[in-house]
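Each protein sequence line maps, in turn, to chains U and D. If you read the first sequence in the numbering used here, its first letter stands for residue 1, the second for the next number, and so on. If you read the second sequence in the numbering used here, its first letter stands for residue 1, the second for the next number, and so on.
By construction, these hints were calculated from the structure, which means they are not laboratory data. Treat each hint with caution, since some may be false.
What the hints assert, rightly or not - DEER-style ranges, computed between Cβ atoms:
#1 U:Ala-55 - D:His-215: 18 to 26 angstroms
#2 U:Asn-158 - D:Leu-130: 34 to 42 angstroms
#3 D:Glu-218 - U:Pro-146: 54 to 62 angstroms
Unchecked claim - In the SDA-like style, the derived pairs of lysine to any residue whose C-alpha atoms are separated by at most 20 angstroms in a straight line are:
#4 D:Lys-165 - U:Ser-92
#5 D:Lys-190 - U:Lys-219
#6 D:Lys-165 - D:Gly-5
#7 D:Lys-190 - U:Val-160
#8 D:Lys-190 - U:Trp-88
#9 D:Lys-165 - D:Gly-42
#10 D:Lys-190 - D:Gly-5
#11 U:Lys-50 - U:Ser-120
#12 D:Lys-165 - D:His-223
#13 D:Lys-190 - U:Ile-82
#14 D:Lys-165 - U:Gln-78
#15 D:Lys-190 - U:Ser-76
#16 D:Lys-165 - U:Leu-104
#17 D:Lys-190 - U:Ile-161
#18 D:Lys-190 - U:Leu-91
#19 U:Lys-50 - U:Arg-144
#20 U:Lys-50 - U:Val-36
#21 D:Lys-165 - D:Val-197
#22 U:Lys-219 - U:Thr-172
#23 D:Lys-165 - U:Tyr-58
#24 D:Lys-165 - D:Ser-82
#25 D:Lys-165 - U:Tyr-109
#26 D:Lys-190 - U:Ser-92
#27 D:Lys-165 - U:Glu-159
#28 D:Lys-165 - U:Val-160
#29 D:Lys-165 - U:Tyr-90
#30 D:Lys-165 - U:His-56
#31 D:Lys-165 - U:Ile-82
#32 D:Lys-165 - U:Phe-79
#33 D:Lys-190 - U:Phe-60
#34 D:Lys-165 - D:Ile-202
#35 D:Lys-190 - U:Glu-93
#36 D:Lys-165 - U:Trp-88
#37 D:Lys-165 - U:Val-36
#38 D:Lys-190 - U:Pro-37
#39 D:Lys-165 - U:Arg-144
#40 D:Lys-190 - U:His-56
Given the structure is predicted, the values throughout are model-derived calculations rather than measurements. The C-beta atom is built at its ideal place from N, Cα and C for all residues, glycine as well.
These are the residues of each chain, in order.
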Amino acid sequence: MNWQVMIESLPALAEGALLTLELVAVSGVLGLVLAVPMAMARVSPRGWVKALPMAHIYFFRGTPLLVQIYLVYYGSGQFEAIRTSFLWPYLSEAYWCAIIAFTLNTSAYTAEILRGALQSVPRGEVEAAEAVGMTPALIWRRIRLPRAFRIALPAYSNEVILMLKGSALASTITLMDLTGVARTIIARTYTPMELFLAAGLLYVLLTFMILGGFRLLEKRLNRHLQPR
Amino acid sequence: MDLQGFGAQLAAGTWVTVQLAIVSMACAVILGLLGASAKTAGPAPVRALGTLYTGTVRGLPELLVILLVYFGAANAINAVASMLGYTGYIALSPFMAGVIALAFNYGAYMTEVFRGALATIPAGHREAGLALGMGRARIFRRIVLPQVWRVALPASGNIFLSLIKDTALVSVIGLEDLMRETSVAVGYSKEPFTFYVAAAFIYLGLTALTTLAIHWLERRTTHGMRTLAG
Numbered sequence: 001m002n003w004q005v006m007i008e009s010l011p012a013l014a015e016g017a018l019l020t021l022e023l024v025a026v027s028g029v030l031g032l033v034l035a036v037p038m039a040m041a042r043v044s045p046r047g048w049v050k051a052l053p054m055a056h057i058y059f060f061r062g063t064p065l066l067v068q069i070y071l072v073y074y075g076s077g078q079f080e081a082i083r084t085s086f087l088w089p090y091l092s093e094a095y096w097c098a099i100i101a102f103t104l105n106t107s108a109y110t111a112e113i114l115r116g117a118l119q120s121v122p123r124g125e126v127e128a129a130e131a132v133g134m135t136p137a138l139i140w141r142r143i144r145l146p147r148a149f150r151i152a153l154p155a156y157s158n159e160v161i162l163m164l165k166g167s168a169l170a171s172t173i174t175l176m177d178l179t180g181v182a183r184t185i186i187a188r189t190y191t192p193m194e195l196f197l198a199a200g201l202l203y204v205l206l207t208f209m210i211l212g213g214f215r216l217l218e219k220r221l222n223r224h225l226q227p228r
Numbered sequence: 001m002d003l004q005g006f007g008a009q010l011a012a013g014t015w016v017t018v019q020l021a022i023v024s025m026a027c028a029v030i031l032g033l034l035g036a037s038a039k040t041a042g043p044a045p046v047r048a049l050g051t052l053y054t055g056t057v058r059g060l061p062e063l064l065v066i067l068l069v070y071f072g073a074a075n076a077i078n079a080v081a082s083m084l085g086y087t088g089y090i091a092l093s094p095f096m097a098g099v100i101a102l103a104f105n106y107g108a109y110m111t112e113v114f115r116g117a118l119a120t121i122p123a124g125h126r127e128a129g130l131a132l133g134m135g136r137a138r139i140f141r142r143i144v145l146p147q148v149w150r151v152a153l154p155a156s157g158n159i160f161l162s163l164i165k166d167t168a169l170v171s172v173i174g175l176e177d178l179m180r181e182t183s184v185a186v187g188y189s190k191e192p193f194t195f196y197v198a199a200a201f202i203y204l205g206l207t208a209l210t211t212l213a214i215h216w217l218e219r220r221t222t223h224g225m226r227t228l229a230g
């Protein structure tokens, strides 16, 4: 085991870890924004409202993330119309392609988690809100969504961890995330064991950080349930 | 969809993907049973090892594990071989590396599934087996396993579905699976969108078929069981 190489590459790996975190954070937030209306449509009693989010969820949960990334990164270039449009500056860049693919992917999983949570908001609470004369929009904002977020939080933390691990695929489209940096240094130094182990340790560290953050958030959101 | 004569190649790649998924899953199941037994019934150091295994592996990206096994394990195997006096070079095929990496990875998930399922078997069942004079191995095979299998099936199905999708990652180390063959077709045709969509739908077909198979197995294993639904 070559400890020298391991220690010398730590700064570069840390920089890669920052990009990894950035990818997860940006696509996580965008994915959540996309998932909320999808989950709301999913619990609608009307078939045509449900159809589009269902197709989206089915496709993105049923195909490999790698295919989705390649589809955005390589696939978008096949069409003249896209290459000449205002979207091209984004779609020709690996960074934005990764963000787009991760966002669409995580939004599908998150929408399903939120749907489950929305369906387990107690019926009586919604009825109580109706009884005091809240409008449907107000009930969504004040009762159903906040309740669903709290119910979904533990399952959502799992999804963020899966997203962190999935973000390693960014390295397959030339991005210098944690895995990308490790692969680049290995190509120069031929020390795969050392670099992959160091990168693995950093991933585990990031996992603990994210789990810790969720524990804090959970405590804060459920503080009304704490014994006083 | 015009596949420009690459259909046969995609079919061949799909077959490799199916083989990889099934072999890896079989190995993950065995690893999971071993891991769960170690974590529930093993002596303290074995238990700690099991906890370390499930704790770290589930925090590592699948791609990283695949790369680690492909580039790292070959080194390790050769180091051991040269210590034993072997002078040649042992290469790890992408298929083998893929099976090892996926089984190692998903074995950790299966360990947790089986651990939960093993806990549902009442101690009285084992004791009844002992009273009848059965050996430990026979009790496991005849009494524990058939019941564990039923409890573990739904969760194992989910894990198998993600494993199928993760087989695509093995194309990164050169396995000629569906993903790789698709990339080859893209290289010739310069039509990435067409071919990656085709690949996506083949994967969708595989996961849909698997879902059907899991439902069928679930119906079969719960045959004659009393359920809450009646």
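Hints, verified against the model:
no.	hint	verdict
1	U:Ala-55 - D:His-215: 18 to 26 angstroms	21 angstroms, holds
2	U:Asn-158 - D:Leu-130: 34 to 42 angstroms	39 angstroms, holds
3	D:Glu-218 - U:Pro-146: 54 to 62 angstroms	36 angstroms, violated
4	D:Lys-165 - U:Ser-92	26 angstroms, violated
5	D:Lys-190 - U:Lys-219	52 angstroms, violated
6	D:Lys-165 - D:Gly-5	25 angstroms, violated
7	D:Lys-190 - U:Val-160	35 angstroms, violated
8	D:Lys-190 - U:Trp-88	18 angstroms, holds
9	D:Lys-165 - D:Gly-42	33 angstroms, violated
10	D:Lys-190 - D:Gly-5	14 angstroms, holds
11	U:Lys-50 - U:Ser-120	18 angstroms, holds
12	D:Lys-165 - D:His-223	30 angstroms, violated
13	D:Lys-190 - U:Ile-82	15 angstroms, holds
14	D:Lys-165 - U:Gln-78	25 angstroms, violated
15	D:Lys-190 - U:Ser-76	12 angstroms, holds
16	D:Lys-165 - U:Leu-104	16 angstroms, holds
17	D:Lys-190 - U:Ile-161	35 angstroms, violated
18	D:Lys-190 - U:Leu-91	17 angstroms, holds
19	U:Lys-50 - U:Arg-144	18 angstroms, holds
20	U:Lys-50 - U:Val-36	13 angstroms, holds
21	D:Lys-165 - D:Val-197	15 angstroms, holds
22	U:Lys-219 - U:Thr-172	37 angstroms, violated
23	D:Lys-165 - U:Tyr-58	13 angstroms, holds
24	D:Lys-165 - D:Ser-82	36 angstroms, violated
25	D:Lys-165 - U:Tyr-109	14 angstroms, holds
26	D:Lys-190 - U:Ser-92	16 angstroms, holds
27	D:Lys-165 - U:Glu-159	16 angstroms, holds
28	D:Lys-165 - U:Val-160	18 angstroms, holds
29	D:Lys-165 - U:Tyr-90	27 angstroms, violated
30	D:Lys-165 - U:His-56	17 angstroms, holds
31	D:Lys-165 - U:Ile-82	28 angstroms, violated
32	D:Lys-165 - U:Phe-79	27 angstroms, violated
33	D:Lys-190 - U:Phe-60	24 angstroms, violated
34	D:Lys-165 - D:Ile-202	11 angstroms, holds
35	D:Lys-190 - U:Glu-93	18 angstroms, holds
36	D:Lys-165 - U:Trp-88	29 angstroms, violated
37	D:Lys-165 - U:Val-36	25 angstroms, violated
38	D:Lys-190 - U:Pro-37	36 angstroms, violated
39	D:Lys-165 - U:Arg-144	34 angstroms, violated
40	D:Lys-190 - U:His-56	26 angstroms, violated
Taken one by one, the earlier hints fail for this structure at numbers 3, 4, 5, 6, 7, 9, 12, 14, 17, 22, 24, 29, 31, 32, 33, 36, 37, 38, 39, 40, listed in ascending order.
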